[in-house]
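J.: Spelled out from the first residue to the last, the chains are:
2 protein chains.
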Amino acid sequence: MKARVTIELKPGVLDPQGKAIHHALEVLGFSGVKDARVGKLVTLELDEDDPERARSQVEDMAKKLLANTVIENYRIEIAD
Amino acid sequence: MKARVTIELKPGVLDPQGKAIHHALEVLGFSGVKDARVGKLVTLELDEDDPERARSQVEDMAKKLLANTVIENYRIEIAD
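In order, the protein sequence lines correspond to chains S and V. Residue 46 in my numbering sits at position 64 of the first sequence; the count goes up by one each step and never skips. Residue 61 in my numbering sits at position 79 of the second sequence; the count goes up by one each step and never skips.
Wrong hints could be hidden among the right ones.
One copy or two, it doesn't matter: identical chains are merged, so the pair holds either way.
Think about it this way: if two alpha-carbon atoms lie no more than 30 Å apart in a straight line, the pair counts; the simulated DSSO-like pairs of lysine-lysine are [stated by the list, open to error]: (1) Lys1 / Lys22; (2) Lys46 / Lys16; (3) Lys1 / Lys16; (4) Lys(-16) / Lys16; (5) Lys(-16) / Lys22; (6) Lys46 / Lys1; (7) Lys(-8) / Lys22; (8) Lys45 / Lys(-8).
Everything labelled a hint here was simulated from the structure, so no lab data went into it.
The following block holds chain S by itself, in its conformation from the complex (with noise of 0.2 Å):
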C-alpha cells in the first residue's frame, strides 16, 4: 500500500526557496509569476494492508518526523 505525504509550509512562513525560484522565473523572462512556494512530498511503500492502519501509521510518522507542525501543514492520500 502506497502513501503520499504532502507537506507544505504554513501561509503567512517565509519560504526562502520559493522566493529564489520566483526570482529566477523572472530573470528567465516568466513575469506572470505572482508567488511562488516549495513543498515536500514524500512517497511511502507500506507493508500495511488496511488503509485505515495505513493512515492512522503515517499520521503518526508524519507528526513525529516528516513534518514541522509548527510551522507546516501536511496532507495524506493513500492508495493502492
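With the hints as your guide, set chain V onto chain S.
T.: Relative to the frame of chain S, chain V by itself:
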C-alpha cells in the same frame, strides 16, 4: 490561477534523502515501511486566467528551471 508542479525522481534514480527518511522511521520504531522517496512540490500563483495558456507556461518553467528532466519527472495541475 494556481499551478502545482510535482517533481519526483525517476524510478531507479538513487534517493539519499528518501533513504535517510526510511532509516529514521525505522529508528523511531516504524518497521512496516518498505521504501521512502522524496519529491518537491512547487505551488505557483499566476497572472494568467486561461488554463491552457497557464499550463503551457508552467510546462516551460518546469523544463527550464523547476525540474531536472534527466533524473526527474514532473506533473502539472492547474486550479483556479
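J.: Quick check: which numbered hints come out false for this structure?
T.: As far as the earlier hints go, not one is violated by this structure.
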